[in-house]
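Sequences are here, hints too, so could you generate the full structure?
Taken in sequence, the protein lines are chains A and B.
1 is the number of the first residue of the first sequence in our numbering; add one for each residue after it.
1 is the number of the first residue of the second sequence in our numbering; add one for each residue after it.
If you're looking for bench data, these hints aren't it; they were derived computationally from the structure.
Virtual Cβ for every residue (Gly too), placed ideally from N, Cα, C.
Distance windows between CB atoms, simulated: (1) A:Ala11 - B:Tyr462: 50 to 60 Å; (2) B:Pro454 - A:Val74: 38 to 48 Å; (3) A:Ala11 - B:Arg133: 51 to 61 Å; (4) A:Ile137 - B:His456: 52 to 62 Å; (5) B:Met378 - A:Val15: 44 to 54 Å; (6) A:Ile137 - B:Val218: 41 to 51 Å; (7) B:Phe284 - A:Ser141: 28 to 38 Å; (8) A:Pro45 - B:Glu390: 27 to 37 Å; (9) B:Tyr462 - A:Ile26: 23 to 33 Å.
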Amino acid sequence: MINYLVRRLLALVPVTLGVATLTFAIIHLVPGDPVVAMLGETAAPADIVGMRHQLGLDRPLLVQYAAYLGGLAVGDLGESISYRKPVSRLVAERFPATIELAAAGMLVALLLAFPLGIIAGSNPGGAGDLGAMGFAIVGISIPHIYLGPLLMILFSLDLRWLPLTGRGGLLHLVLPAVTLGTALAAILARMLRQSLIRVRESDYMRTALSKGLSARAALVRHGLKNALTSVVTIIGLQMGGLLSGTLITEIIFSWPGIGRLLISAIGARDYPVVEGCVLTFAMTYVIVNMATDFIYAIVDPRVRIS
Amino acid sequence: MCESLALILLLSRQSGITRNGVLTVWISENTARLRLVAQIAAALVALAGCGHYRTDRSPGTIQVDIETSPASTDPRFATDATSSRINELIFDSLVKTDRNGQFVGHLADRIERPSPTEIVFHLKHGVRFSDGRELTARDIIFTYDSIRAPESMSAKRAGLEELKSIDAPDDYTVVMTTAHPYAPALELATEGIVPAGTPLPSKGTAAAPVGSGPFQMVGYARDEAAWLERNPYSSYPPGAPRSILLKIVPDPTVRALELAEGVCDFSGNNIEYDVLPWLGSHRFLEVSRTPGTTYKYLSFNFRDPRLRDLRVRRAIAYAIDRNTIVNTILRGTGRVATGMLSPENWAYEGNVTTYSYDLSKARQLLDQAGYAAGSNGMRGLRFEYKTTPEGARLGEVFQAMLQRVGIELTIRTLDFATYYADIQAGSFNLTSLQWVGINDPNSYYMVFDSQKTPPHGQNRGYYSNPAMDRLVESGMSTVDPAARKKIYGQVQQLAAEELPYVSLWWVDNVAVMNRRLVGFDAYPNGSFRSLAAVTLSGPGGGGEPSD
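As structure tokens, then:
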């Protein structure tokens, strides 16, 4: 178990290196000048040159890359060009908001997916199945950018139950979390339905039935737990989608998270912030998947971590 | 809300879903737990008010939604429109522009121009920064010196190149001397003043320096909001807002929703045209449209030999139906433009060559230029139109309109930073941009003088005409206003003849505001300045008036 954990943690090193290299290459290769974005078009050419020198952007790309990796090795993500703050501090300030949103989105997804998946999987082809899968199709099809304002109109404007935007108490979290979690709920519900249909035909289900359990009780007590294994895997894999969904959701709901920081940094060509944010997203994804593997072992006793 | 919750529970109990599905088993086994969950949910709702959600807004506060964070909260560095509008509320300058774009004294009580290279400003007495210090000539000298210092690397340094010296003979007199006779010298006097000794923005500093304007910035969280409160040493009318929350809301739909919900009190020039009628249908909202000075244009790249041909440029001008675009896409919130200066500007000349929509003239000009139409109606003229996602819709309209005369337009949509880099590098055939906040006609020098190509200026299309150079350079050095107006009349006619730009429209200032804001006076340049002077009506109105 410990060996496995150490191996997985060591695997983070090449992943970090790969993500850092790719992000560095992409953001430096696309056109756009952070100095012009910062000083403006009317700045004197000499000042643009001076600022570029001050920021070290006039050095050869390989030298900049080596400096970036050197910093990364000691946990230094560099300094933001536009905010003039250490990137690690910026990320630390914004990351809790993103995690809060992502966790709430996941919770919404699970709260929606389980009843829908069970309803659909317990009686395939029935009215419940059609309704639940209809919801799933709609949930997958509606993009965040459309769903968010729709929810705002209904729950903030018409019913006035929930605040429109911003981060505050629990109420502020509801609409962004539903916006973020709906698509994932739809995917998970479909997955759970398929798994339930599959396990209904398995030997242990027949054994349970032959021992006198009712169909419903057998499904709830034995089928559901076995069906969960594939769903747990999907939860881990979908974490990437959930995190990328925070980018749009944070913009829509003026949520002060890392996604919004990343979008504004891309616009300003704030290289260190872009690199820091992407790296944070990537690391979160990898760590969540590691955690998923452990949860997988808990849910399915046949799986042993070794 | 309570009724809705009860209704949801009732419906779920009666539905076939709960009676027939496996959930019935679970529900029957967990009735007590469910009841607890319902009770917790009800308690949470009760905590939230068990009715309508209410926004917390202290009395006398107004919320203004803006689309982006200000690039800098220090007026010595801010060049973007958002920063300028916010800074106008916090900092005073020697002069400011009036509704017609003319400079009038602000901190200066009286202005003298003893020679073409010298301006003397006599300052008002008793003006105080929000920390209580009196504003004197020393603060003004300090502000200008700190911008001009090479280590500042301020984007404003280049704009002050004409300023040879700035001196303070006494605490209430400032003398500016320019290197040459410089007609738009008063533009040099528009910098927001900070107290002497204010350090340059350093690492991690976010809050704005203190100013002597009607408000002070008491908090700022980038990408979230800026909080302004009244400068305690600045007077304001009874019922005027005591504080302003400038909330950064990047999504245009959400800005509209915040207005409709009554959360936001004011949104200026950042609401999509399509939702204006809907917002206008709310009784508590007022949609105000006033003529604006923002100038939208189509720019040509003169390094492309096909576009150096005046007949091709004119054909394009004739092929674009600007009236239709203004009336449909812009929903009437613009005026078809004749040039960069709007009719509100003192130097405006309306009697210039115009290009009303005329397809036959456009086709005729293209034939004359040697681009005959083929069997499919196209003329083998293919141009690349670069734009941002926000401008793609307009690009598609141009594409359809130019196709009618046989010109093919390929649209390339890029993110703003990439687009901007391409435009600066001259990597485009056609593009459309806008100039915001044009006051002095000397702007023509920056955009049409042949020496002002990037990175030295904003002649991004590489337009070059010695006659234009002579005119704009002469306009810059002619101090006499009457003679200057005549020169800029010629500049406007030449620009209309030569078409370095196709003038599209002047964008109206569209402000959507809550009717509790009374007395907002819209400036043609979209300034927020009069937010300081509005009064609040109804409950939760303005703060206590100051002395």
